[in-house]
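Visitor: When you get a sec, could you build the whole thing from the sequences and use the hints?
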Amino acid sequence: MELDREERALLAGERGDAARRALEYQIEVGRFWGARRFVRVTNVHMMGDIEVMGDGGLEWLREQAEQGARCRVATTTNARCIDFAHCERLGQDAAEVAKERELIACLRRMDVVTTDTCINYQSVYQPHLGEHVAWGDTGTVIYANSVFGARSNFESGPAALAAALTGRTPEYGFHLDAHRRGTIAVRLEAALDDLADWGALGKLVGEANQSYTAVPVFHGFGRTPIADELKHLGAALASYGSMGMFHFVGVTPEAPSLAAALGGNAPGAQRVISGADIDQVYRGYGLGDGDARLVVFSGPQQSLFEMKQLAELFAGRRVAPGSSCFVTSNAGVLAQARRLGYAQALEGAGATLLEGVCFYILQNLTPMRVANRWTNMVSNSAKIVNIIGAHRFNTVLRRTRDCVEIACSGELR
Amino acid sequence: MSVIRVQRAFGAPVEGEALVSEEGFSPRYDLDRWSGLITKPGHRLEGQSIVDKVCFFPTAKGGIAAGWAFYDIKWKKIAPKAFVFGVTNPVMVQGAIFAGIPITEGWEPDARTVVHSGDWVRVDPGRRLIEVLRTLT
Chain A
1 MELDREERAL LAGERGDAAR RALEYQIEVG RFWGARRFVR VTNVHMMGDI
51 EVMGDGGLEW LREQAEQGAR CRVATTTNAR CIDFAHCERL GQDAAEVAKE
101 RELIACLRRM DVVTTDTCIN YQSVYQPHLG EHVAWGDTGT VIYANSVFGA
151 RSNFESGPAA LAAALTGRTP EYGFHLDAHR RGTIAVRLEA ALDDLADWGA
201 LGKLVGEANQ SYTAVPVFHG FGRTPIADEL KHLGAALASY GSMGMFHFVG
251 VTPEAPSLAA ALGGNAPGAQ RVISGADIDQ VYRGYGLGDG DARLVVFSGP
301 QQSLFEMKQL AELFAGRRVA PGSSCFVTSN AGVLAQARRL GYAQALEGAG
351 ATLLEGVCFY ILQNLTPMRV ANRWTNMVSN SAKIVNIIGA HRFNTVLRRT
401 RDCVEIACSG ELR
Chain B
1 MSVIRVQRAF GAPVEGEALV SEEGFSPRYD LDRWSGLITK PGHRLEGQSI
51 VDKVCFFPTA KGGIAAGWAF YDIKWKKIAP KAFVFGVTNP VMVQGAIFAG
101 IPITEGWEPD ARTVVHSGDW VRVDPGRRLI EVLRTLT
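Protein sequence lines, in the order shown, are assigned to chains A and B.
The numbering of the first sequence is my numbering, which starts it at 1 and goes up by one.
The numbering of the second sequence is my numbering, which starts it at 1 and goes up by one.
Worth flagging that the hints you see were computed from the coordinates, not collected in a lab.
All values reported here derive from a predicted model rather than from experimental measurement.
Every residue, glycine too, gets a C-beta built ideally from N, C-alpha and C.
One thing to keep in mind: the hints can contain errors.
[Unchecked claim] What follows is a list of derived Cβ distance ranges for each label pair:
(1) A:Met1 - B:Leu136: 51 to 61 Å
(2) B:Asp52 - A:Thr366: 48 to 58 Å
(3) A:Gly68 - B:Thr135: 50 to 60 Å
[What the hints assert, rightly or not] Keeping only pairs whose Cα atoms sit at most 16 Å apart, straight-line, the calculated EDC-like set for lysine to aspartate or glutamate is:
(4) B:Lys77 - B:Glu46
(5) A:Lys308 - A:Asp289
(6) B:Lys76 - A:Glu59
(7) B:Lys74 - A:Glu59
(8) B:Lys76 - B:Glu17
(9) A:Lys99 - A:Glu63
(10) B:Lys74 - A:Glu347
(11) A:Lys308 - A:Asp228
(12) A:Lys308 - A:Glu347
(13) A:Lys308 - A:Glu171
(14) B:Lys76 - A:Asp55
(15) A:Lys99 - A:Glu59
(16) B:Lys77 - A:Glu347
(17) B:Lys74 - B:Glu131
(18) B:Lys76 - B:Asp52
Guide: Have a look at this one:
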């Protein structure tokens with residue numbers, strides 16, 4: 001890789017050992033992908049919590065902090081695995097809770113802004129067209145590339161942290177024009193009235209085209225989608241298809257027309273998604289033993305408008321006896337939701353609001369499932385019904401209103 | 001002896017028993033990160049262990065968390081010897097390099113046509129080659 005003067009200085013250790021090792025690591029990653037050089041990034045979003053990092057990761061992080069690792073650009077954190085206000089009631093391990101506190105302290109020493117959110121793009125930082133960033137989780141990356149026209153690859157925790165320490169990332173993948181052109185055209189005939197429908201769309205297109213280099217172009221939709229709809233679409237495309245970018249003709253900044261979005265690529269077989277295709281997705285979930293006692297609104301965290309909608313749907317109702325309903329968001333959204341009364345409405349209905357976490361990464365989730373004898377998990381998020389599999393839940397995707405009905409009736413349909 | 005050429009590769013040469021999947025992989029969605037067993041219900045390799053295997057997967061699934069997960073399973077001594085992907089994504093590569101686990105992408109021919117679970121294979125990232133040294137049958 002070509003290195004500029006600053007990168008050569010980093011490599012010579014002029015900015016400390018942690019930054020030098022970070023750049024060495026980034027060079028290996030860049031070499032693998034054939035990157036010719038680095039691009040400077042303005043913002044980093046990283047995943048780092050004890051559930052995902054484990055003891056080895058914490059030990060590594062502790063060393064970094066002790067060796068003076070410091071972020072060179074604004075760096076925020078993704079949703080984590082422990083809500084300190086709820087960890088005892090959830091039966092999370094006290095030892096892991098203590099490690100999570102230490103881990104957060106290490107990150108803060110390194111000047112990481114611990115926002116603990118997977119919706120940074122809705123609530124913390126919105127990069128502009130062409131801005132290079134280094135983000136993870138996948139939902140944040142696909143939103144940045146697609147909706148903002150910013151440029152990021154999927155950056156895992158260690159890779160994002162390396163970018164934070166060096167202020168750059170190898171130039172490959174979505175940093176380059178060539179990889180941002182559409183590769184698949186998808187004409188929309190479905191109405192897509194519910195957020196879950198957008199996730200179902202992402203599942204259909206993602207599952208059928210699993211590839212990081214596949215870039216679907218959606219066209220033919222009759223109205224302007226809202227941010228939460230694009231969020232559920234992106235999260236599902238990334239989750240089922242490992243995709244990092246999509247275009248939406250007339251909506252996203254690099255798709256003024258179908259031809260522009262494809263950028264000369266042949267669109268391949270024209271795919272059409274109808275309302276019947278979306279309905280078929282819902283019918284595809286087995287109901288297992290019919291257990292309806294766990295309903296989750298999470299993965300991604302809820303926006304303020306999602307909180308408002310849930311508060312309205314739960315108004316005058318209560319979560320069924322023996323059932324649990326979890327709603328997760330970040331501290332900022334929850335503070336506003338409380339000020340506006342949505343949080344109280346949801347808690348009054350018997351839902352549990354968790355802050356700064358995502359349900360599927362909760363520490364101790366498998367023992368939690370066993371202790372509660374949960375077999376099914378119902379959600380309106382196509383992403384979470386996909387991603388929680390390793391914890392051996394049978395998962396069921398349902399529309400938002402149906403999820404609320406299931407939570408309050410205790411009956412799975 | 002069958003030979004597979006790979007497009008991109010990282011790591012030191014390793015030998016090991018092959019575990020060949022028809023389905024893609026994510027260490028978050030599919031793997032129990034305490035036992036090294038694939039536990040996602042319905043995964044084509046459900047119940048199989050990846051520990052010390054050379055793992056062949058056609059695709060990578062989702063997941064930023066793989067970056068830490070590979071380091072975590074290496075630290076717990078339940079990591080595979082190498083990952084061989086048909087098509088992968090940056091997270092798998094970033095994670096494998098961070099953990100020091102050899103990883104390759106792109107195969108010719110399709111590894112699934114010449115390697116089967118239980119075969120003994122050698123992954124040579126420097127030469128961009130995978131050799132099938134012994135077949136199970």
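Visitor: The structure should be examined with respect to each hint, and the outcome stated for every one.
Guide: Hint by hint, here is what the structure shows:
1. A:Met1 - B:Leu136: 51 to 61 Å: Hint violated: Cβ distance 41 Å, outside 51 to 61 Å.
2. B:Asp52 - A:Thr366: 48 to 58 Å: Since the Cβ atoms of aspartate 52 of chain B and threonine 366 of chain A sit about 24 Å apart, the hinted range of 48 to 58 Å is violated.
3. A:Gly68 - B:Thr135: 50 to 60 Å: Taking Cβ atoms as reference, glycine 68 of chain A and threonine 135 of chain B lie about 52 Å apart, which means the hint holds.
4. B:Lys77 - B:Glu46: 20 Å, violated
5. A:Lys308 - A:Asp289: Violated. Lysine 308 of chain A to aspartate 289 of chain A sits at ~32 Å, over the 16 Å cutoff.
6. B:Lys76 - A:Glu59: 13 Å, holds
7. B:Lys74 - A:Glu59: At roughly 13 Å apart (the allowed maximum being 16 Å), glutamate 59 of chain A and lysine 74 of chain B satisfy the hint.
8. B:Lys76 - B:Glu17: 20 Å, violated
9. A:Lys99 - A:Glu63: 15 Å, holds
10. B:Lys74 - A:Glu347: 42 Å, violated
11. A:Lys308 - A:Asp228: Answer holds: lysine 308 of chain A to aspartate 228 of chain A is near 12 Å, not above 16 Å.
12. A:Lys308 - A:Glu347: 13 Å, holds
13. A:Lys308 - A:Glu171: 40 Å, violated
14. B:Lys76 - A:Asp55: 9 Å, holds
15. A:Lys99 - A:Glu59: 10 Å, holds
16. B:Lys77 - A:Glu347: 43 Å, violated
17. B:Lys74 - B:Glu131: 24 Å, violated
18. B:Lys76 - B:Asp52: 12 Å, holds
In summary, the structure is inconsistent with hints 1, 2, 4, 5, 8, 10, 13, 16 and 17 from the numbered list given earlier, while agreeing with the others.
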